[in-house]
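Top line first, the protein sequences correspond to chains A and B. For the first sequence, my numbering begins at 3 and goes up steadily by one. For the second sequence, my numbering begins at 50 and goes up steadily by one.
Some hints here could point you the wrong way.
[As the list claims (entries may be wrong)] DSS-like, lysine-lysine: derived pairs with alpha carbons at most 27 Å apart:
no., chain 1, residue 1, chain 2, residue 2
1, A, Lys191, A, Lys333
2, A, Lys379, A, Lys601
3, B, Lys51, A, Lys333
4, A, Lys568, B, Lys181
5, A, Lys385, A, Lys53
6, A, Lys601, A, Lys385
7, B, Lys87, A, Lys449
8, A, Lys191, A, Lys568
9, B, Lys259, A, Lys561
10, B, Lys181, B, Lys259
11, B, Lys259, A, Lys333
12, B, Lys51, A, Lys446
13, B, Lys181, A, Lys446
[As the list claims (entries may be wrong)] Here are a few chain B residues that sit away from chain A, every Cβ distance over 10 Å (derived from the structure):
no., residue
14, Asp65
15, Gly103
16, Ile162
17, Leu260
18, Ile261
19, Ser271
If you are wondering where the hints come from, they were derived from the structure by calculation, not from laboratory data. Even for Gly, the Cβ is constructed at its ideal location relative to N, Cα and C.
These are the residues of each chain, in order.
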Amino acid sequence: MTVSQETLDEIALSRSEYETIIDRLGREPNPLELGLFGALWSEHCGYKHTKALLRTLPSSSDLLLVAPGAENAGVIDLGDGLAVAFKIESHNHPSAIEPFEGAATGVGGIIRDIFAMGARPIALLNSLRFGQPDDARTRYLLNGVIGGISSYGNCIGIPDVGGEIFFSDTYKGNPLVNAMCVGLIEDGKMASASAKEPGDLLILVGADTGRDGIHGASGLASRSFEEQAEMRSAVQVGNPFLEKVLIEACIESLDLPGVVGLQDCGAAGITSAAIEMAERSGMGLKLVIDDVPRREEGMTPYQVMLSESQERMLLAVTPGMEAPVFELFEKWDLDATVIGEFEMGENVRIYDQGEEVSSTPVITLTDAPEYKFIGTKPEWLTKLQNVDLSKTPMPSESPEELLLKMLAAPNIASRFPIYRQYDYHVQTNTVVEPGGDAAVLRLKGSKRGIAVSTDCNGRICYLDPEVGTVIAVAEACRNLSVTGATPLALTDGLNFGNPETADVQFQLTESIAGMSRAAEAFDIPIVSGNASMYNQSMDVDIFPTPIIGSLGLLEDVEKHSTVEFKSEGDAIVLLGTDSTWDAIEGIAGSEYLELIHGKVEGQPSIDLDLEIRTQAVCREAVEAGLVASGHDVSDGGIAVAIAESAIIGGLGAVIDDSLSDRWDAAMFGESQSRILLSVSSDNVSAVEALATASNVPMKVIGTVGGDSLTFGDSLSIPLADADDSWKNGFTRATSD
Amino acid sequence: MKFGIVVFPGTWSEKDTHHAVSGVLGHDAEYVWHGDEKIDQYDAIVLPGGFSYGDFLRCGAIARFSPVMEAVIAFAERGGPVIGICNGFQVLCESGLLPGVLMRNDHLEFRCIWTDLRIENDSTMFTSTATKGQTLHIPMSHGEGNYQADDSTIERLEGNGQIVFRYADAAGNVTPEINPNGSINNIAGIVNERGNVMGMMPHPEKACEKLIGGDDGNIIFSSMIDNIVASLA
């Protein structure tokens, strides 16, 4: 045994994993091979802690054209000759130490996954989590991350149409930066990340290879935050201009007859990209490292293989048909170099300076070990769930004061100060802009449109990972349904703490179970995903945060609904419940409870059956043209939902019922399965008929109009005051 | 008539422009590669938005030296109609076809918002179907749109009616509060003295259909088309 603990730590392999490698190879791996194993067996590439769980997720659908895991992203049929590829991916650890480049290259990476499918990227979303914004370092991270997303996304001409941002102490040392990309595939022109025949050439295109990002996958993504302080060089640096040109050239290259495969060069660089291609093709591969164009001299084979230099792609090209490929890339001023060829056999053979420096079976490298775990529910959690919420003290503020405070809260206030830094118009498909529950995009040449959203409430998942994840799926779908779109598919970004601990194992197991239960109930597949582990700081794990990206279809994109009230005199209707105000149980895990009382406690719950029926009724009503506005009731409860629809629409609201004694829970409780509609008075009975037919409770709770928000005889505030709190809350909370 | 839409590496508004003038307004349009030197076959040239050559050094600074720009300069000098949008406006300033510079937005942030542009001159070939004082609802999307020039240039532009658009509120009031980027005198678009070369920061091609928020951008392209078709007749 010659390998030192230090070496193993550097590539984040355990001693027992090292023993497994020796068993499989029948010899000790050389240093280069050890690097390959470290990268491919990282959580980021090998999913060793999540693989067994992810297999349990529902992944079947008649509309599924490419199954999850089979390629760089799952693909869903939209009809009319159109299909979409979409996926969410994390770049948490790089963003924690270098927020601008970390976030920028996160965006760049997910875009490459999408156009590797032959899909033209048509939308970006991002789901962000930070500590409370009154902290200086959090502001540095926040500004860096937003700047990085803005810089990369704007330069590349893909609209950034949505996402979320959420602040909680749990993310203070370890922010979450998840980016989602949606791409459109026309006329069945789908690409595969594989070769066709032995002899096919492996061509590297795009940027030269440098020393940046070495150990990004095995290093950054596989250890806890304290260990990363000195790992800034493991963060890659992005060049969006190069990526823009690369997108155009790669999509154009797919029309060339010799181009049979296209693969993203992302985490773990050429190692992961080339070896996964060989695996997918069921072939061996000869790689000639000397031929990889370098940014600098003196790079070792190890560095070339593990570099995560950005803006590189791999092509598989039929031999003899490479000349037009070179010509095309030259037109775009991009390098294209043959660096190997696929061959019969099962080994990856790596050559450096004419000598074979490694020969390893592909399957040995790619078949990462699998860890199974059965988590048991920790006692602290039972205690938190069993807290008697009715003992929560009443707030010291008046209802008016508290409503304004909630509207100005960093987690609720308008996100316009952020998304106005992103181009959300380019490509001219944006029908519903950011700021609603979901973005809606038209598909040129078709009557159809898509809606996209992301959602996850980490507090709720912390209090009950199973139910919390069910709720995340439900909300991600509800965001679509309020626009009128039918949910078609999901992608998941799993952000968890240290998977070697019992608590996180419990959270992961429960969360995946919840995701399965919800996706099965909605009857939609999870088509792609990403797992980020070891999100912790000071030995404290983040709230489990399984971010759900959702995609839905509108048969007629003209028939969609938006958040804002439209006309004086319209009835305000609450769908999914027969009471205007929420009960005390609704404050479990709510924004109110954390913001005002500093507590994250209680037992979240959802009636999944009611949820699905409620969403269906909402979609039917939108499609029938009965709905003037629709808004998901979530963070901040019904009071905030009413205020948001009123502020954005510039119209007040008069709610009939006065508040109960527990007016805090009544206004700000976050009970699930509620949708706020406004409906012209002529259409109320038709909506009622739809609700009754599906056994969904509903209530007409008030009327749109006036210039104030009035809740019975309990509360009345000028709309202008609510408007000021909501529109300026974010800027006030993030500046001195 | 036929539009030529110039594509530099890094341009991203060429397809949107094509959709607006061809898909929506029904006129011919072709892409012109940055290496092309012959553009005589077109009746109007569009320099669309994006980040030409990555906008390294300075916005438009590299594009200005591309082969196609030599042809565009010659085309403009012969009186050919040229419209530069966003990055295209920056390229026109860099290449000397229009005076002034586009500096970083005064608040230092990228800004993507809907703007209201007050028509200051309705006798140009780009605004002839609009009315002076009318506002057009058109989005902008840039980090460097803060138009500046020396005092005498501004005086000349103002005096000659070369200011085509100013940032205003929906009612047409031009105020410092509504200025989205710090542009001097709220300038959003200018035309050259001859009246055949216009640059504007907001994106008329992104306002081409009601479904995506409005179609006021068509007024600009339709004005061009009307005038060019009339001149060809």
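We went through each hint and held it up to the structure:
1. For the given pair, Lys191 (chain A) sits about 22 Å from Lys333 (chain A) by alpha-carbon distance, which is consistent with the 27 Å threshold.
2. The suggested pairing of Lys379 (chain A) with Lys601 (chain A) holds, with an alpha-carbon distance near 20 Å, which does not exceed 27 Å.
3. Distance restraint check for Lys51 (chain B) and Lys333 (chain A): the Cα-Cα separation of roughly 25 Å lies within the 27 Å cut-off, and the hinted pair is therefore satisfied.
4. As the CA atoms of Lys568 (chain A) and Lys181 (chain B) are separated by approximately 31 Å, the hinted pair breaks the 27 Å bound.
5. This hinted pair does not check out: Lys385 (chain A) and Lys53 (chain A) have alpha carbons roughly 31 Å apart, beyond 27 Å.
6. In summary, the hint linking Lys601 (chain A) to Lys385 (chain A) is supported, as the alpha carbons are separated by about 13 Å, within the 27 Å threshold.
7. For the suggested pair Lys87 (chain B) and Lys449 (chain A), the alpha carbons sit about 39 Å apart, so the restraint of at most 27 Å is broken.
8. Proposed proximity of Lys191 (chain A) and Lys568 (chain A) is contradicted: the alpha carbons are some 41 Å apart, above 27 Å.
9. With a CA separation close to 13 Å, the supplied pair Lys259 (chain B) and Lys561 (chain A) stays within the 27 Å bound.
10. For the suggested pair Lys181 (chain B) and Lys259 (chain B), the alpha carbons sit about 23 Å apart, so the restraint of at most 27 Å is met.
11. As the CA atoms of Lys259 (chain B) and Lys333 (chain A) are separated by approximately 37 Å, the hinted pair breaks the 27 Å bound.
12. Between Lys51 (chain B) and Lys446 (chain A) the CA atoms are separated by roughly 22 Å; this keeps the pair inside 27 Å, and the hint holds.
13. Taking the CA atoms of Lys181 (chain B) and Lys446 (chain A), the gap is near 34 Å; set against the 27 Å cutoff, the hint is violated.
14. For Asp65 (chain B), the non-interface assignment is contradicted: its Cβ lies about 5 Å from the closest Cβ of chain A, within the 10 Å cut-off.
15. For Gly103 (chain B), the condition that its CB be more than 10 Å from all CB atoms of chain A is violated, with the nearest at approximately 3 Å.
16. Ile162 (chain B), annotated as away from the interface, has a beta carbon of chain A within 10 Å; the closest lies near 5 Å.
17. For Leu260 (chain B), the shortest C-beta to C-beta distance to chain A comes to about 6 Å, within the 10 Å cut-off, and the non-interface label is violated.
18. The claim that Ile261 (chain B) lies off the interface is violated: its Cβ sits roughly 6 Å from the closest Cβ of chain A, which falls inside the 10 Å cut-off.
19. At the 10 Å boundary, the C-beta of Ser271 (chain B) stays outside the reach of chain A, the nearest C-beta of that chain being 17 Å off.
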